[in-house]
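For the sequence shown, our numbering assigns the number 40 to the initial residue and increments by one for each residue that follows.
Think of the hints as simulated: they come from the structure by calculation, not from any bench. There could be a bad hint or two in this list.
Taking lysine to aspartate or glutamate pairs in the EDC-like style, the calculated list, with each CA pair at most 16 Å apart, reads [unchecked claim]:
id	residue 1	residue 2
1	LYS533	GLU726
2	LYS960	ASP897
3	LYS895	GLU260
4	LYS696	GLU726
5	LYS94	GLU158
Treat the numbers as computed from the prediction; the structure is a model and nothing was measured.
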Amino acid sequence: MSTDLTFITNEPGKSLRDRFGVLLEDDTRFFDCLVGYFFISGFYKLYPFLETVEKIRILVGLQTDRTAYELIQKAKEQGELNLKSHATAIEQVSKNVLGELERSADSAEIETGVHKFVEWVRSKKLEIRAHPSENLHAKVYIMTFAEGDRDKGRVITGSSNLTQAGLQDNLEFNVELKNPYDYQFAIDKFNELWRVAVDVSKPYEDTILNKSPYAQFTPYELYLKFLYEYFRSELSRPAELDDIYVPAGFMKLKYQEEAVLNARKVLDEYGGAFLSDVVGLGKTYMSALLAQQLDGRNLVIAPPHLLDRDIKGSWPNVFSDFQVRQTDFESIGMLDHLLKRDISKYTNVFIDESHRFRTETTQSYEALARICRGKRVILVSATPLNNTPRDILSQVKLFQIGKASTIPNLRNLEAFFTGLEKNLKGLDRQHDRELYFQAIQANAKATRENVLKYLMIRRTRTEIEKYYGEDMKQQGLKFPHVEDPEPLFYKFSKRENEIFDKTIRLLIAEFKYARYRPLTYYEGRRTEQELQGQRNLAKFMKILMVKRLESSFHAFRLTLDRFIHSYERVIAEFKRGNVYISKKHIHKIFEALDAGNHEAIERLLEAEKAEWLSAEDFSASFLPDLESDHKILLQVQELWAEVGRDPKWEAFREVLKLQPKLKNGKLIIFSESQETASYLADRIAKEVEPKVILYTGQAGEPTHRDVIANFDANAFHPRDDYRILVSTEVLSEGVNLHRSNIVINYDIPWNPTRLIQRVGRVNRVDTKFDTIHTYTFFPTEESNDLIKLKEAAEAKIHAFIEMLGADARLLTEGEEIKSHDLFARLTSRKTITGEDEEEESELEYLTEIRDIRDKKPDLFARIKSLPKKARSTRMLPPAAENVAQFPALLTYFRKGRLDKFYLAATGASDPAELDFMTAVKILRPADPSEPLQTIPPDFYAFLDRNKAAFAADTSPAEEDASPRYGGSAHDAYLLKRLKAREIRRYQGFTEDDEAYIQQVIQLLTDGALPKPTTKKVAAALKKESEPLRVLGILKRDIAAQFFQPTRAQGTSQAQAPREVILSSYLVETK
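Put together the whole structure using the sequences plus the hints.
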């Protein structure tokens, strides 16, 4: 290795820092630096060698531009006459310094160096000036020795800046000049430049002490900065809509405008949005206001009764009232018809009751996915999550790509939701009850925090009254008060109770439902998908029997008779050697199940449009199981022959006649069963009130118009022909029935979402009633004690759910509910208002920072100017929630649109990620005057732990197309086939063919094709191996729309830098 010290390259033993150490500590009296830009954050590497130096002069130029220089110089010459120019110049210098410190590394050494810099500026030991030249690129370091030393001094010049990289890490090229002539030339030139430069020491000092991450900020200031940064996009939105038109007679409500502003922002960023305010707040009107703000042609897809122009609140009429042009309307059931038209003309697709598309496997979902690709998608539903988090996934995939999403830090949606499902695996609903429900709650929270917070606009009535109450008051709007639902009890005699309980036990515990799952006995070839379909069907039929029994004795008897007749025919056919399997109808059956149309299921099963199989190919247990089931059905039929009365109807008749609130007002009565509804309407008409109307899925258009005329307060032609409406679920969504304020659930709405939807028909924003009343029937035992009646009803519900075990989620339509919670939820007003989860609202904090902006502009300006990496402290009590041990550090990070919060605590192995509500409570001081505490050096060790956790959580995960990383087995099969040698190396493809196949591979890799499409293509490819025919199948079965990008593609934040926004050092209150 060369020992020549003339050249300094930062190679081992030749670092510039080491050379400075020798020269500066060796009697250097003055140290002058001429650099394009002075990096304060690198000062810590040098300052220990400068302790004995008498004077330090730093001359910068490159980054302090000519405009700033001229303004400073002019102000200097004119004194106070040009304070404005001087302030502008200082601001530019300050901006440069602040930008560097925000971008610098985080360490105690750097902070010490910065404080030492300020100390020396104050003592005049260090002076920094800016030269006017924008082209000052030199890097010259001049050391002047004390008098009588070996020579006058030394000069080092070359490529190194005063940074850690320049002083030590980078391979640089610097030369040390020892010749007296070189020294004299350098010092003369430096002095010449120094004389015309402007002193910027004060701006540097002020910026570091008052504006930089090393400045002192109070806990309250840091808390407000937290709110400002978190709600920055909301704060930057315009306060009002552009060019809004509200028709005469409609209120211009702030909460609706705010929803539209939010939705427009979400659409711009993600290509789709959920409008999901709780029922009755005017989502159709909000949609019309949103459509006013969007360019392009609109398509509205809604249930047919919501498209009727004879109904005032229908989509066509609302859009017409709000002067929204260029809009077409199509029924939710006519999507195939829509695909025959030109769908490329649409830019925006509004989907009402979007939760109907929570299942990805249906043909209607595939059609909707084709329609939505490449368009803005607005999903309108008060209940988008009916059952499981996967309900949300299917709807999100209408505007996001399954494994290539643009949601922050969530590229692979499929893997995320698969992971949520895995959280429940291995947990038994009955044996691991508490762990199971904890996992359910954790999954719901994860879905809200990672997905819905970016895509959904949802407020409850309580939030709107609290945060928009003043606007409502000014406009004379008041929401009706929702009373707690009242339970109504129908009492069994002792024998009826025994029969009821025994029937439940037989149908749940002993009945095998063999007739509905014949393939599980078949010994020939069958797929796992076919087997699972039949197992599911058997479970659904079990649930149907349980629901019918609770709904009405009449409906149960009819269903029981059909079951017996069906079993007798299947047994007779089996003995003739025949078994019929209905594979074709299985999807229609499940679609009917999804729609709650149980009568349609039975019609499909009875139609027997099925393929034939030989009885000889079935296991020996099939016939005995069929006969055992048949025997149980006859046993149940015999039991019910003893029951001659209908205690439920008798109790209801009594209530209708005697209950004051029910005697005169208009009533809405719901039953899930069409047969129960028909039976009920008939008996009411004969025994209570002739002015009753029945509405079911079989009702025609004239009946629907009669319902609207008699029960919709906004009807064009109101009439008073009917006082009581009896309906199935078909009227539980979308329609206004608010000439009534009373809803009666004749059978138990096992999924509380149904209760929300039903009561939502009368709980409208424009109702004239002050209160809303709800009643629900429950079975119970004979008693004159109300508490005992409730306890017996709860026991019956408990028995229903617990006996069903894991199948109970089918009874509650996928919603996981503890058996002892259901009665309480069905008798709580919070369920109806959609507030039963008691989620805390972010609106409280958004309102707080908005008030600061509007009422304290000086404070808001101060908060806005706080730098990135700002720091403060919080004093917390010893038993502070979420902080196990002190000290601790809470850090707020950002990456693109992603905000994350971490807490590193003493004694904890890994930092904990916090949600917004937890973090904001820790940061919010009880007293705004809480003082700042000293921040010790271990701050940086905690910060490093938090940074490491954030980096790990935001590093791209390995992508994998296999099912374990999300996506279906069909996707994996197709990828395997298309990447196989026989396709990849086939010589007969044109370049266009090869490009097309690569596009298909990319779509499959990204999870961009709906499941019915990949299933259909996979089934076809399993029968075909010839490459050109394979290509033909792809082109035939994959719709052209799926090759279009979504609106959101291209807005990914994957490459955005990671930033530290702020940190709070948490200490224990003394």
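To see whether the hints hold, each was checked on the structure:
1. LYS533 / GLU726: 27 Å, violated
2. LYS960 / ASP897: Cα-Cα ~25 Å, so violated.
3. LYS895 / GLU260: 13 Å, holds
4. LYS696 / GLU726: 10 Å, holds
5. LYS94 / GLU158: 13 Å, holds
In summary, the structure is inconsistent with hints 1, 2 from the numbered list given earlier, while agreeing with the others.
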